[in-house]
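Participant: Protein sequences appear in the order of chains A and B. With the first letter of the first sequence counted as 1, position 64 gets the number 64 in our numbering; the numbers rise by one all the way through. With the first letter of the second sequence counted as 1, position 205 gets the number 205 in our numbering; the numbers rise by one all the way through.
You may find that some hints are simply not true.
A pair holds if it fits inside one copy or across any two, identical chains being indistinguishable in the list.
[Stated by the list, open to error] Derived pair list, reagent style SDA-like, types lysine to any residue, alpha-carbon separation capped at 20 Å:
#1 K101 with G411
#2 K101 with E410
#3 K101 with A57
Because the hints were derived from the structure by calculation, they are not lab data.
Protein chains: 2
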Amino acid sequence: MTVRDLSELGERVRAAARVLGTSSDAQRCDALRAAAARLRDQASVVLTANASDIERARSDGATTTAIDRLTLSDQRLEAMAQGLETVAMLSNPLGERVDSKTLANGLRVERVRVPLGVVGIIYENRPNVTSDAAALCLRAANAAFLRGSSGALASNQAIVSALRFGLAQAGLPEDAISLVEDVSHETAVHFMQLNGVIDCLIPRGGPSLIASMRENATVPYVLDGDGICHVYVDAAANLDMAERIVINAKVQRPGVCNAMESLVLHADIAQELLERLSISMPEVSLLGDERAVALLPSLHAAAEGDFDREFLDLIASVKIVDGLPEAIAFINEHGSGHSEAIVTDDGVAAEMFLAHVDAAAVLHNASTRFVDGGELGLGAEVGISTQKLHARGPMGLEALTSVRWVIRGEGQVRS
Amino acid sequence: MTVRDLSELGERVRAAARVLGTSSDAQRCDALRAAAARLRDQASVVLTANASDIERARSDGATTTAIDRLTLSDQRLEAMAQGLETVAMLSNPLGERVDSKTLANGLRVERVRVPLGVVGIIYENRPNVTSDAAALCLRAANAAFLRGSSGALASNQAIVSALRFGLAQAGLPEDAISLVEDVSHETAVHFMQLNGVIDCLIPRGGPSLIASMRENATVPYVLDGDGICHVYVDAAANLDMAERIVINAKVQRPGVCNAMESLVLHADIAQELLERLSISMPEVSLLGDERAVALLPSLHAAAEGDFDREFLDLIASVKIVDGLPEAIAFINEHGSGHSEAIVTDDGVAAEMFLAHVDAAAVLHNASTRFVDGGELGLGAEVGISTQKLHARGPMGLEALTSVRWVIRGEGQVRS
């Protein structure tokens, strides 16, 4: 596929988006349900395609984790099909009148929620992103322009084929869900520069993808960035609760972006909590600052840069502070703007933390693991934004819409 | 100023933004009023600085228009001071609870409107942008990081000095309004790449600035792009109203982005309306497609590309269509997503147009000139966004805020 082919494909996706923009919500839900049925019907086809991707990954020497991410099963396919059906059951995000007023000159002004148009998704190995992201795009009447990784190409093609079948069944243009099948580096960069085609580009992947987006993307985008999440345990914390929250935030699923990477402890409770944690989560390697190591010599010493790392593993850094202001300043310096929690029984300290820590989500007496579209009632998510524009935190259907002005008059002109 | 100096300045602006984020709304309003008073007190200082900018522009051979944009006067300074006071009278945009709910697990979840942090503004000659933009940033508790043009440097320095005086009077950090005083091309590019410092960058300028943003910017940004605005006059239009709206949209202020650049006429009414317009707005040069020229041979023939040009002058292109679908398709192809109007007495046609034309603002029986923050009741605007993310159309205080998640629990962990 040449760069020109990609632009031509983009024009087809754009044309499909215009048709989708005039479709009914019932049609779009029908398409989602028909796609779910097709995915179940075609399970063996999808799994065969997936097996070929897995075989190539194995012969290329991929890690066990990478192969696990790539692997589909009957169970995972059923979860994808159910995901499509769940999105069809959410509330229609479009048409909402965000606000309205009548001006002194009689103009009736309202702001109305509408589709974005073409949403580009550029993502790494997980093939389930193909159906999860396309479903949310479709429900918000956006065309989904998908650029997955080379390693999952056969799987993605099989999934997209089922999704397009659903579109056709509902009388919608198949190009409204399109996959870039040339997965070279060159087309990835060109994809990020399809101005006039892509209205919003969302990357789902690691730091190198994010860096490439910053360097190359010229279309509007929303970054789903790192999660360097902290839990701060205050002097006034209930230590049983703190222990429960810290363990949950670190251990329940260490490889995800809303897991805790850094533990910030008030000096007054640090020793007791560290001693408890060393017993209750022995599988976690704690990397302490000097004060932490002095309190509990069995800790490893944190190296340069450990407080700015997203471990995505059973590792956490530990910082001791003398009070809330130091904790807030530390988190604002080292956090990635994702999710930050305080554990305390002191309501004033909690509100201070919630007001002054600068992140997409701030939590009091709850695990950072709750910062997730499903947990927060969005139904599904297309990613978690760590930037401040457009959408912040978990991005559901609303993040895939735009708001525009509709103005009705009787011949008014400006004087 | 080296690139390193700019980064250091950025760190100071960022630190000031954190302090501003914890200030009270009353303090920020006090700062605006004190800045207005200072601007009046220091009028002669500002005008002297402005005179030196004008003198240099003259000796550099600047056009009359460029010099007019650059020139301040007692009247313009007073308008700037009043602008600061107006922003102090708007509603506080911060703290609004956008939505809230209690989850089944007892977590209380809300989304709250908060400042963006550091807003960068990169702009061309008009010195009034300095105070207008800084005022909106300040009211929304954002630091304003300003990078004006070299041609207005002395004026901008004098204005910023008055604004910083206001900050100091209100006990706020002066660095919360900072001007980049090295106006080389190199620092402009570096400014667009201050990741970790600038949370949102807004350009105010022409096509070359926008192109440079797309190419160079790595920080999040919102584009204030071209306005290739259309007025479509339907077969069912009241021609008196249509004539009034077309004249207003084209002639009232041709050099602004919400002026009409292209007139789309239904064939049934084209000849009559063109004949009327050739009499009622003889100063406007109409560039017609073949059919338009056939109807009124006194029209000029439109050249290749004339339907994609923002003239910003007493010029408009004219396209004849056979019906509403053709008009909508034409506008979606040639518009820049700014403001698009239909004139018709046919309510069904109007709603079809409003629903299917893809632009920041769509209007029925009203002049495109109303698409302006002041006219639409925003109080003031920092620009007009032609992109679909974050803010679309006129950007007021709300566009300078972010929404984040605040989650309160009693020790909940995820299972």
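Participant: Is it within, between, both or neither when you check K101 against A57 at 20 Å Cα-Cα?
Facilitator: neither (58 Å within a copy, 44 Å between copies)
Participant: Is it within, between, both or neither when you check K101 against G411 at 20 Å Cα-Cα?
Facilitator: within (18 Å within a copy, 43 Å between copies)
Participant: Between copies, within a copy, both or neither: which fits K101 and E410 at Cα up to 20 Å?
Facilitator: The answer is within: 15 Å in one copy meets 20 Å, while 41 Å across copies does not.
The structure does not agree with numbered hint 3 stated previously, though it agrees with all others.
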